[in-house]
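**Student:** Chains as they are written, first to last, in this note's numbering: chain A, 1 to 263; chain B, 1001 to 1647; chain C, 2001 to 2249.
Think of the hints as simulated: they come from the structure by calculation, not from any bench.
One or more of the hints may lead you astray.
[To be verified] In silico lysine-lysine, DSBU-like type, Cα no more than 35 Å apart, as pairs:
no. : chain 1 : residue 1 : chain 2 : residue 2
1   : B       : K1631     : B       : K1487
2   : B       : K1209     : B       : K1631
3   : B       : K1392     : A       : K129
4   : C       : K2147     : B       : K1392
[To be verified] Simulated coverage check for chain C against chain A, where a stretch passes if three residues somewhere in it have a Cβ under 8 Å from a Cβ of chain A:
no. : stretch
5   : 2067-2077
6   : 2101-2113
7   : 2189-2201
8   : 2214-2220
9   : 2229-2237
Glycine included, each C-beta is placed from N, C-alpha and C at the ideal position.
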Amino acid sequence: MPGACEIARPRMLASWLDRAYGRPMGTGNVVGLRSTAVRSSVALHAAMAVSGLIMVLFLLAHMYGNLKIFEGRQAFDGYSGYLREAGEPLLPRTGALWIVRVVLLISVLVHIYAAFTLWHRSRSATAGKGGWRYETTKNRRGVQRSYASFTMRWGGVVVGLFVIYHLLHLSADYIAPGGASPSPYQRVVNGFSIWWVVLSYMIALIALGFHLRHGVWSAFASLGTNSSVARRRVLNLVATFVALLILVGFLIPPLVIFAGWVR
Amino acid sequence: MAELFTVGETIRDTKAPAGPIQDQWEARRFGAKLISPANRRSLSVIIVGTGLAGASAAATLGEAGYRVKSFCYQDSPRRAHSIAAQGGINAAKDYRNDGDSIRRLFYDTVKGGDYRSRESNVYRLAEVSSSIIDQCVAQGVPFARDYGGLLDTRSFGGVQVSRTFYARGQTGQQLLLGAYQALERQAAAGTVEVHTRHEMLDLIVIDGKTRGIVVRDMVTGALETHLADAVVLASGGYSNVYHLSTNAVGCNTTATWRAHRKGALFANPCFTQIHPTCIPVSGEHQSKLTLMSESLRNDGRIWVPKEAADGRRPGEIPDGERDYYLERQYPAFGNLVPRDVASRAAKNQCDAGRGAGPGGRGVYLDFADAIARLGRAAIEEKYGNLFDMYHKITDDDPYQVPMRIYPAVHYTMGGLWVDYDLESSIPGLFVIGEANFSDHGANRLGASALMQGLADGYFILPNTISDYFAKNAGTETTDASHPEAVKAVDAVRARITTFLTINGDRSVDSFHQELGSIVWEYCGMERNAEGLQRALGLIRALREEFWTNVKVTGTNEELNQTLERAGRVADFFELAELMCIDALHRLESCGSHFRTESQTDDGEALRDDAAFAYVAAWEFTGDNAPPILRKESLEYHNVELTQRSYK
Amino acid sequence: MKITLRIWRQHDREAAGRMVSYGVDGVSPDMSFLEMLDVLNEQLTAAGDDPVAFDNDCREGICGMCSLVINGIAHGPEGLTASCQLYMRHFSDGDTIDIEPWRSPSFPILKDLIVDRSAFDRIIQAGGYISSPTGAAPDAAAMLVPKKDADRAFDAAICIGCGACVAACPNGSAMLFTGAKATHLGALPQGQIERNSRSLAMVNQHDAEGFGGCTEIGECTAVCPVGIPLDMISRLNGDVLSALRHNTT
Ligand SMILES: Cc1cc2nc3c(=O)[nH]c(=O)nc-3n(C[C@H](O)[C@H](O)[C@H](O)COP(=O)(O)OP(=O)(O)OC[C@H]3O[C@@H](n4cnc5c(N)ncnc54)[C@H](O)[C@@H]3O)c2cc1C
Ligand code: HEM
Ligand code: HEM
Ligand code: SF4
Ligand code: F3S
Ligand code: FES
Chain A
1 MPGACEIARP RMLASWLDRA YGRPMGTGNV VGLRSTAVRS SVALHAAMAV SGLIMVLFLL
61 AHMYGNLKIF EGRQAFDGYS GYLREAGEPL LPRTGALWIV RVVLLISVLV HIYAAFTLWH
121 RSRSATAGKG GWRYETTKNR RGVQRSYASF TMRWGGVVVG LFVIYHLLHL SADYIAPGGA
181 SPSPYQRVVN GFSIWWVVLS YMIALIALGF HLRHGVWSAF ASLGTNSSVA RRRVLNLVAT
241 FVALLILVGF LIPPLVIFAG WVR
Chain B
1001 MAELFTVGET IRDTKAPAGP IQDQWEARRF GAKLISPANR RSLSVIIVGT GLAGASAAAT
1061 LGEAGYRVKS FCYQDSPRRA HSIAAQGGIN AAKDYRNDGD SIRRLFYDTV KGGDYRSRES
1121 NVYRLAEVSS SIIDQCVAQG VPFARDYGGL LDTRSFGGVQ VSRTFYARGQ TGQQLLLGAY
1181 QALERQAAAG TVEVHTRHEM LDLIVIDGKT RGIVVRDMVT GALETHLADA VVLASGGYSN
1241 VYHLSTNAVG CNTTATWRAH RKGALFANPC FTQIHPTCIP VSGEHQSKLT LMSESLRNDG
1301 RIWVPKEAAD GRRPGEIPDG ERDYYLERQY PAFGNLVPRD VASRAAKNQC DAGRGAGPGG
1361 RGVYLDFADA IARLGRAAIE EKYGNLFDMY HKITDDDPYQ VPMRIYPAVH YTMGGLWVDY
1421 DLESSIPGLF VIGEANFSDH GANRLGASAL MQGLADGYFI LPNTISDYFA KNAGTETTDA
1481 SHPEAVKAVD AVRARITTFL TINGDRSVDS FHQELGSIVW EYCGMERNAE GLQRALGLIR
1541 ALREEFWTNV KVTGTNEELN QTLERAGRVA DFFELAELMC IDALHRLESC GSHFRTESQT
1601 DDGEALRDDA AFAYVAAWEF TGDNAPPILR KESLEYHNVE LTQRSYK
Chain C
2001 MKITLRIWRQ HDREAAGRMV SYGVDGVSPD MSFLEMLDVL NEQLTAAGDD PVAFDNDCRE
2061 GICGMCSLVI NGIAHGPEGL TASCQLYMRH FSDGDTIDIE PWRSPSFPIL KDLIVDRSAF
2121 DRIIQAGGYI SSPTGAAPDA AAMLVPKKDA DRAFDAAICI GCGACVAACP NGSAMLFTGA
2181 KATHLGALPQ GQIERNSRSL AMVNQHDAEG FGGCTEIGEC TAVCPVGIPL DMISRLNGDV
2241 LSALRHNTT
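The following block holds chain A by itself, in its conformation from the complex:
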């Protein structure tokens, strides 16, 4: 059989054994199937969906925190401090924060690992050319696929690079456009007074918006919840809503600061 694959052969053998020992023939050895299936693209997508949704939850919380910028320096810095004190005395100082960070870090790693593995598989499934594997230049955009859906990968990379930049900037205080400061509030205000910082955040946030517009829908579908046409409509609405909420929610602080309403 041309192109016969490593999985087909042992399965045939297994079925022969089934017959020989009078066991009912069926899809055979479920344990073996399961250990293969955990590396299947379906399982990887599920991992990506769960990690992505965890990140979405973090972002919603983060967005809520960011909006405290309107309550002034005290509230904002206090909030930052609270993050570090949360859970005390049950947990050591910054304990809860570290738990969150570890979960986030794992999510990021899982998400990136799955993303690149699947990216690789899909490239080899299309001879490295994706949706552009046809000679014709007509209908390169396909019939109905959305901008969001076919920019997932590069969009993800953009978001990833942004997060590094963002951590170095606002979390680690390592790069400090507009001036470093021990006060997170001050760092934020300093940074967003500079036009290209605001612009870079806007670009990243729009990329994130697109990533989430398709990502949230895709995550639910990957987890098996898209069970009908009606459900699909609902999931797409939810995805649009989440993406817009996060986009707008995050965009407000930089824009407001740049406009000089908060200083």
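Assemble the complex: chain A is given as a structure, and chains B and C with the ligands must be docked to it using the hints.
**Tutor:** Same frame as chain A, now just chains B and C with the ligands:
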């Protein structure tokens, strides 16, 4: 006529056991020798064809433990032409409590076949029909259900009970996928080897027994020899001898015709069914015709304008000026008369100038009443896909305007002669499904071909073939170097070389088209001696031209679709001749075979039981040599021969 | 009508291919797309050239054999239409039409527009069936199937196995095909026993054949000639995840 054929010995034994008809199958099964499971693995069987008949047989024999090799010319077994069957499958389940029974299904089928089928076979078919539905449901075939979760049924042409199980308009597809999945399950288990894109081009007979086939790998052109202890042909029907038919464009007679040339009798070739409800031809370019399921006649009403050459659009013709001619002529059955009756009636209307649409070759099939009565949603649920298909092809929306339909060739009752065991006249060659002649006599009832294909493949052949194995097989081993095998391969190669070297200037398709129009004209819905004689002359002349003037491009050692078609058309030429000879010799009208010389005063078919109550099985005697007619006389002990009447 | 065709010509699996232009005259709007190709082939044959090889059989949209990417869209511009059911009335005089085969490394090109789709058969072999040995079936009426489930099974079962979903998917995924089979069998009571192992086995085979993963882009369902909906992929995903979680077959 005498020089066209000679009459040979009568066929006496069909192997049907003696005794009352309802005990025969039981008796045959008991009488058949069995093969122990351990020994089955050393027995091999080749199955050509993966339609309902072939796939079900391969799956079942594989499951039983035989080594099975399955062949089809398509790229996957799932694409066999059975996939296209729309309407449904009959079974004597009597879930409706409407008086159905094995006996009634048997009776209807024999009557529908106009008393030209073998009682024993038909009774058995009716007997196993119930198990087919059980088997298919267990496989997951999604038959239509009612709101209580029970299987739904509908009624089909020619019968008055509701015994047709269906899966919307895609019954054949669903049944075939069930059989295909069972086949693939065996392929995974290693009991069936599936060879797709392989075309059988000859049969290998050694010492009087069928031992194998020669196939061409349609991708590389390699000629391969496959040997086995028995060969089963499940290669479908030969409607494409007419060029335009409702069959898939690849359907062919090659497998059966090659076997015929090796000694298998070919029975009743002139019994070809014309289906009344097809989409009319739209022009020269037409490559195939599309069937609109017969089930449409349940709700659609057929009419033509009363006035000849009425130029108005259908909507503009008031009810009073329409002739619902089937309801008028056949009040008991109305639009549900059997296919041959409906087809000829349509032809007569069009011949009288009352046909609708371009060329006047069409009658209206109108759903306006049904839509008004049941609502559009109900009609959509029942026939949605058919309506869409019609819309796509014709650009007319049948929810708005009536469909236009015309008869087209659809099914071939004739085929290789088989006995009660489904074994042909060459030992070890079994023939199942549409490829054999067995169960439908001179006319097949709707929804009974699927039933027959699956009955043969799931239940009958697996029982009867073991008897052959027990008595014949596994004795001597043979390999591809056997002189008979080598001879067969050489002959195939020589034929291919001939095609490739003629290098004339007419395409294969142009020959096929011309052949088709000759057969349609003279051996189609109506036949007469003069026309058939003329057809024979035309066919022979065209065949001559074919062999000197056909153009086949390319080489053998590649994927060469022209070469594939050339081989099929060459076989159609020979078959067409035999069809005309068969039609010519049968000077009676029966079922689908309407001889203008033999009709009642009011233009209905007139059978001649005294002279023609037999199966005409033809023996090949050589190229251009008159075939020998071998008769199997038909005796009816369980039904009374009556002149069919659907009035 | 006069049409210009640009067609992918490739002599065999190993050969390099390229797009070649042909003019076809006298195309009638009532011709099907394949009949138009027949006309081209007659023309090529008359000129002694090699006709264009393309897969087709039933020519009525049910066998799944025809497989043309027409102007970059699998099965052409009309929705819910297989290549063979596409009519020339949807094109205009003077059009240039590009025709290519399905492109997927898992569907190697055999010649011109013909590809090898045996990978689909192997996905079915892996588990796309309900094990029911011939003769062992209970009476068909013994099991009631709610109409809703029967209908859903049917909606999935109508997949014609053409492979357009793979041809259109930017990830080269065959999840719509695989999901349709899993949904068909998984919707029926008969199909429950093997539901877990079936979904695992089919997905494993799907991946082993080299098809990509599904990122829910939906091109597949847009070109699918029978409109297999996207939720069938999600159902398969759900089945696989549940099979991975539950320790029973
Ligand atoms: C449009 C249409 C609708 C129909 N609707 C109904 C219906 O509603 N109810 C009903 O009962 N019947 C119906 N019929 C009739 C019925 O579908 C067929 O008679 C039946 O399916 C034939 O099945 P089969 O298995 O004998 O052959 P097929 O399904 O035709 O299979 C033939 C097989 O043989 C293979 N083959 C052929 N020649 C060769 C060769 N030389 N080498 C290798 N392989 C070869 C093919 O690849 C294929 O796999 C319909 C027929 C048509 C055309
Ligand atoms: C390094 C950064 C990132 C990369 C490379 C990346 C890449 C990807 C890729 C390739 C996909 C799959 C495409 C698809 O399913 O259509 C994806 C899906 C997703 N991403 Fe990201 N992403 C990144 C960051 C993020 C972040 C920060 C979030 C959330 C805040 C996120 C949320 C999601 C979600 C919810 C999905 C859907 C999962 C699924 O398809 O099942 N991603 N990402
Ligand atoms: C304009 C929008 C944003 C603002 C104003 C902002 C602000 C901040 C600030 C002030 C911190 C430091 C908090 C602290 O040290 O106490 C921080 C941390 C962080 N931000 Fe943002 N952020 C924004 C957008 C984003 C986005 C879009 C992402 C992810 C995609 C993100 C991810 C993070 C992460 C991962 C941290 C580190 C949390 C930790 O300390 O572990 N932020 N952000
Ligand atoms: S899902 Fe649709 S596109 Fe894919 S193989 Fe089935 S019918 Fe073709
Ligand atoms: S286009 Fe491809 S990504 Fe999924 S939804 Fe369809 S398989
Ligand atoms: S040729 Fe059969 S679906 Fe197109």
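**Student:** Does each hint hold? Answer for all of them.
**Tutor:** Here's how the hints hold up against the structure:
1. K1631(B) - K1487(B): It holds: about 31 Å lies between the C-alpha atoms, which stays within 35 Å.
2. K1209(B) - K1631(B): holds (23 Å)
3. K1392(B) - K129(A): holds (34 Å)
4. K2147(C) - K1392(B): holds (29 Å)
5. 2067-2077: Holds, because 4 residues of the stretch 2067-2077 of chain C bring their Cβ atoms closer than 8 Å to Cβ atoms of chain A.
6. 2101-2113: holds (count 5)
7. 2189-2201: With 7 residues closer than 8 Å to chain A, the stretch 2189-2201 of chain C meets the three-residue bar; holds.
8. 2214-2220: holds (count 6)
9. 2229-2237: Answer holds; 8 residues pass the 8 Å Cβ test.
The structure agrees with every numbered hint stated previously.
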